[in-house]
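Chains as they are written, first to last, in our numbering: chain A, 1 to 174; chain B, 1 to 174; chain C, 1 to 174; chain D, 1 to 174.
Derived by calculation from the structure, the hints in this document are not laboratory data.
Mixed in with the good hints, there may be bad ones.
Per label pair, the in silico range of CB-to-CB distance [unchecked claim]: (1) Ala29/C x Ile96/D: 38 to 48 angstroms; (2) Phe97/D x Gln39/C: 19 to 29 angstroms; (3) Pro98/C x Pro98/A: 32 to 42 angstroms; (4) Glu31/D x Ala170/C: 15 to 25 angstroms.
Derived lysine to aspartate or glutamate pairs resembling EDC-like cross-links, with alpha carbons at most 16 angstroms apart [said to hold, decoys possible]: (5) Lys11/C x Glu52/D; (6) Lys11/B x Asp34/A; (7) Lys11/D x Glu27/C; (8) Lys165/C x Glu27/C; (9) Lys24/A x Asp40/A; (10) Lys66/B x Asp44/B; (11) Lys105/A x Asp34/A; (12) Lys165/B x Glu31/B; (13) Lys11/A x Glu52/B; (14) Lys24/D x Glu169/D; (15) Lys24/D x Asp152/D; (16) Lys105/B x Glu69/B.
Keep in mind it's a predicted model, so treat the numbers as computed, not measured.
Quick reminder that beta carbons are idealized off the backbone N, C-alpha and C, glycines included.
4 protein chains.
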Amino acid sequence: MITIICGTNRKNSQSEIVAGIYKKMAEEAGETCDFINLQDLPEDFIATALYENAGSNEQFNVIRQKMVEAEKFVIIVPEYNGSFPGILKTFFDGLIFPATFSGKKCALVGISSGVQGAVLAMSHLTDILNYCGTNVLANKPKLSAIEKNIADGQITNPLYAQLLKSQLEAFISF
Amino acid sequence: MITIICGTNRKNSQSEIVAGIYKKMAEEAGETCDFINLQDLPEDFIATALYENAGSNEQFNVIRQKMVEAEKFVIIVPEYNGSFPGILKTFFDGLIFPATFSGKKCALVGISSGVQGAVLAMSHLTDILNYCGTNVLANKPKLSAIEKNIADGQITNPLYAQLLKSQLEAFISF
Amino acid sequence: MITIICGTNRKNSQSEIVAGIYKKMAEEAGETCDFINLQDLPEDFIATALYENAGSNEQFNVIRQKMVEAEKFVIIVPEYNGSFPGILKTFFDGLIFPATFSGKKCALVGISSGVQGAVLAMSHLTDILNYCGTNVLANKPKLSAIEKNIADGQITNPLYAQLLKSQLEAFISF
Amino acid sequence: MITIICGTNRKNSQSEIVAGIYKKMAEEAGETCDFINLQDLPEDFIATALYENAGSNEQFNVIRQKMVEAEKFVIIVPEYNGSFPGILKTFFDGLIFPATFSGKKCALVGISSGVQGAVLAMSHLTDILNYCGTNVLANKPKLSAIEKNIADGQITNPLYAQLLKSQLEAFISF
Numbered sequence: 001m002i003t004i005i006c007g008t009n010r011k012n013s014q015s016e017i018v019a020g021i022y023k024k025m026a027e028e029a030g031e032t033c034d035f036i037n038l039q040d041l042p043e044d045f046i047a048t049a050l051y052e053n054a055g056s057n058e059q060f061n062v063i064r065q066k067m068v069e070a071e072k073f074v075i076i077v078p079e080y081n082g083s084f085p086g087i088l089k090t091f092f093d094g095l096i097f098p099a100t101f102s103g104k105k106c107a108l109v110g111i112s113s114g115v116q117g118a119v120l121a122m123s124h125l126t127d128i129l130n131y132c133g134t135n136v137l138a139n140k141p142k143l144s145a146i147e148k149n150i151a152d153g154q155i156t157n158p159l160y161a162q163l164l165k166s167q168l169e170a171f172i173s174f
Numbered sequence: 001m002i003t004i005i006c007g008t009n010r011k012n013s014q015s016e017i018v019a020g021i022y023k024k025m026a027e028e029a030g031e032t033c034d035f036i037n038l039q040d041l042p043e044d045f046i047a048t049a050l051y052e053n054a055g056s057n058e059q060f061n062v063i064r065q066k067m068v069e070a071e072k073f074v075i076i077v078p079e080y081n082g083s084f085p086g087i088l089k090t091f092f093d094g095l096i097f098p099a100t101f102s103g104k105k106c107a108l109v110g111i112s113s114g115v116q117g118a119v120l121a122m123s124h125l126t127d128i129l130n131y132c133g134t135n136v137l138a139n140k141p142k143l144s145a146i147e148k149n150i151a152d153g154q155i156t157n158p159l160y161a162q163l164l165k166s167q168l169e170a171f172i173s174f
Numbered sequence: 001m002i003t004i005i006c007g008t009n010r011k012n013s014q015s016e017i018v019a020g021i022y023k024k025m026a027e028e029a030g031e032t033c034d035f036i037n038l039q040d041l042p043e044d045f046i047a048t049a050l051y052e053n054a055g056s057n058e059q060f061n062v063i064r065q066k067m068v069e070a071e072k073f074v075i076i077v078p079e080y081n082g083s084f085p086g087i088l089k090t091f092f093d094g095l096i097f098p099a100t101f102s103g104k105k106c107a108l109v110g111i112s113s114g115v116q117g118a119v120l121a122m123s124h125l126t127d128i129l130n131y132c133g134t135n136v137l138a139n140k141p142k143l144s145a146i147e148k149n150i151a152d153g154q155i156t157n158p159l160y161a162q163l164l165k166s167q168l169e170a171f172i173s174f
Numbered sequence: 001m002i003t004i005i006c007g008t009n010r011k012n013s014q015s016e017i018v019a020g021i022y023k024k025m026a027e028e029a030g031e032t033c034d035f036i037n038l039q040d041l042p043e044d045f046i047a048t049a050l051y052e053n054a055g056s057n058e059q060f061n062v063i064r065q066k067m068v069e070a071e072k073f074v075i076i077v078p079e080y081n082g083s084f085p086g087i088l089k090t091f092f093d094g095l096i097f098p099a100t101f102s103g104k105k106c107a108l109v110g111i112s113s114g115v116q117g118a119v120l121a122m123s124h125l126t127d128i129l130n131y132c133g134t135n136v137l138a139n140k141p142k143l144s145a146i147e148k149n150i151a152d153g154q155i156t157n158p159l160y161a162q163l164l165k166s167q168l169e170a171f172i173s174f
């Protein structure tokens with residue numbers, strides 16, 4: 001059972017497409033998958049689901065519970081301003097600790113419009129996940145210039161497809 | 001002119017207290033100060049002020065414009081789950097690039113309930129700020145166990161007071 | 001089989017003591033252990049065992065081969081000037097790639113005289129090890145003020161002893 | 001006065017070429033330059049110039065003193081195994097603290113054979129330099145695929161030449 005997380009709430013994002021491709025690939029490999037899309041965060045998330053309000057937003061509590069029950073996460077991480085989208089960490093900040101992360105496993109996929117492939121974003125997330133008790137798979141594909149390597153919901157760059165496939169195989173046995 | 005940013009939207013935060021102390025200290029040193037509190041972000045910020053909606057939330061545009069006009073930032077950075085609060089990076093993601101950060105200067109103050117003093121949070125933020133073109137002051141106080149070192153709106157630990165004072169002096173001449 | 005690495009070549013280091021304690025603890029848990037001490041690097045290591053000289057220093061080749069054959073590493077990482085000792089990365093730079101690190105597993109123990117417990121050192125090392133294909137255990141004890149918590153070759157702080165024990169158990173099943 | 005450091009002791013390195021180009025560029029801009037090449041480290045550096053031997057290697061003491069007297073450093077940082085060369089940090093570990101780094105200024109140039117341009121190496125170094133009290137310029141060129149963009153001691157990629165020029169200008173006024 002793998003829970004795939006689209007790491008941004010931006011609409012019609014490349015991350016959402018890559019998350020869909022990853023889910024299909026994992027299902028074809030025999031895995032049961034769940035999917036969490038940060039687009040589904042309540043519009044007033046920052047005012048109703050964090051800190052003293054943690055647990056009191058019923059719409060968010062559904063996602064929150066799914067995160068506790070998940071065992072293995074794959075996070076699709078787009079690069080925004082040199083790191084991960086702020087909304088991804090804000091989402092983390094609204095979850096249940098330590099139950100969501102402690103003893104869990106996570107794989108990261110970095111994507112970017114530019115050349116970096118979200119390498120710093122994934123470094124920062126690895127620090128955060130490790131701090132929270134989640135083991136992170138070493139294999140972290142860096143898919144740069146993503147717009148040029150994806151079309152019609154498919155990865156068009158065979159190397160990128162291979163990188164994702166290799167990661168998935170490593171993650172299944174992680 | 002120094003713009004002091006409280007790096008969380010949590011109500012009644014220690015960060016807000018430290019930001020107030022910093023502002024007073026800077027004003028006593030002869031600096032004009034502005035203050036930005038992430039508590040003032042619109043409740044529907046994540047749905048109305050990011051990505052394709054950038055610039056269309058009038059309430060947020062006031063803050064956005066202040067960030068463009070600022071020259072030097074001091075960010076009070078509490079440690080949440082091993083890094084900075086997600087809301088701080090989400091706030092960044094709604095700002096104007098490159099005008100907000102390019103060629104600007106920033107100082108970071110880390111605070112934590114635990115023992116780390118937000119050291120990883122400040123490392124991650126330095127990566128982000130440098131990526132966005134902002135020079136970051138090397139001097140980054142790490143104020144751990146903050147609840148035990150602050151009372152009645154005052155820093156009670158003389159070492160912490162000295163660390164902030166030394167940083168401010170370095171930042172004024174940065 | 002666990003290979004324990006003392007991450008500095010400093011003589012009579014606290015790291016060496018902690019490495020010895022860890023080895024004993026792992027053996028008592030039923031593990032076979034190997035031990036690599038960076039004190040055993042040849043004195044002219046930087047001139048005879050790196051880059052175009054890789055593989056030509058017979059004294060170092062013995063260690064080099066042990067690193068290839070190892071499956072799981074525990075590295076005791078002291079904090080020197082804000083990160084790991086340079087000699088530890090220099091040692092890495094003389095090893096065989098990708099055979100030494102690819103598909104391996106590693107646990108990190110941070111120690112420091114000061115308050116940080118080598119947290120940045122371990123973050124940097126995690127980046128490096130992940131890049132080289134080694135999965136790093138999330139559980140990374142940070143043993144600060146080490147001189148005050150060790151005596152006569154024993155950990156005197158029960159919390160520190162517990163942190164190491166918990167890590168070892170997690171690493172055995174990693 | 002700018003001190004340019006070739007961040008590796010590998011012979012005939014691309015870093016040395018880039019360091020030479022940088023020195024010439026800085027001199028043409030009217031700066032006095034010094035040059036430190038890690039190739040000049042004594043062969044037994046790790047056994048005679050670190051820790052309890054600090055200050056006792058006369059050959060190294062010449063370099064050590066130059067580092068204390070320097071005001072602004074430019075470090076050419078090649079990417080080795082996911083970060084900076086270990087020898088660069090080992091070199092740091094043999095210097096005089098805090099006099100070498102405290103209150104100084106540094107600019108970093110990342111180079112790599114692969115696609116990353118030493119981005120993680122420069123992130124790690126920024127942590128270290130900031131820890132040691134050195135302000136690091138935000139502008140950090142990432143020169144990837146360096147072998148394809150340099151020939152006969154010249155940068156052949158006009159973008160790379162422009163990136164270095166822009167950095168130098170920013171560093172002179174830093």
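Evaluated hints:
1. Checking the proposed 38 to 48 angstroms range against Ala29/C and Ile96/D shows it holds: the Cβ atoms sit about 43 angstroms from each other.
2. For the hinted restraint 19 to 29 angstroms between Phe97/D and Gln39/C, the CB-CB distance of approximately 23 angstroms keeps it satisfied.
3. Take Pro98/C and Pro98/A: their Cβ atoms lie about 34 angstroms apart, and the range 32 to 42 angstroms holds.
4. A hinted range of 15 to 25 angstroms is violated for the C-beta pair Glu31/D and Ala170/C, which are about 53 angstroms apart.
5. Taking the CA atoms of Lys11/C and Glu52/D, the gap is about 9 angstroms. The hint holds against a cut of 16 angstroms.
6. Taken as a hint, the Lys11/B and Asp34/A pair is broken in the structure, with Cα atoms around 34 angstroms apart against an allowance of 16 angstroms.
7. About 43 angstroms separates the Cα atoms of Lys11/D and Glu27/C, which puts this hinted pair outside 16 angstroms; it is violated.
8. Our distance criterion of 16 angstroms between C-alpha atoms is met by Lys165/C and Glu27/C, whose separation comes to about 12 angstroms.
9. Restraint check: the Cα-Cα separation between Lys24/A and Asp40/A comes to about 20 angstroms, which exceeds 16 angstroms; the hinted pair is violated.
10. Using a Cα cut-off of 16 angstroms, the hinted pair Lys66/B and Asp44/B is violated, with the two alpha carbons roughly 20 angstroms apart.
11. The suggested pairing of Lys105/A with Asp34/A holds, with an alpha-carbon distance near 15 angstroms, which does not exceed 16 angstroms.
12. Of the supplied pair hints, the one linking Lys165/B and Glu31/B holds, its CA atoms being roughly 13 angstroms apart against a limit of 16 angstroms.
13. Distance check on the hinted pair: Lys11/A and Glu52/B sit about 9 angstroms apart at the alpha-carbon level, within 16 angstroms; holds.
14. Between Lys24/D and Glu169/D the CA atoms are separated by roughly 14 angstroms; this keeps the pair inside 16 angstroms, and the hint holds.
15. At roughly 15 angstroms between alpha-carbon atoms, Lys24/D and Asp152/D fall within 16 angstroms of each other, so this suggested pair holds.
16. Proximity of Lys105/B to Glu69/B is assessed by CA-CA distance (about 12 angstroms); at most 16 angstroms being required, the pair is judged to hold.
Going through the hint list in order, the structure does not satisfy hints 4, 6, 7, 9, 10.
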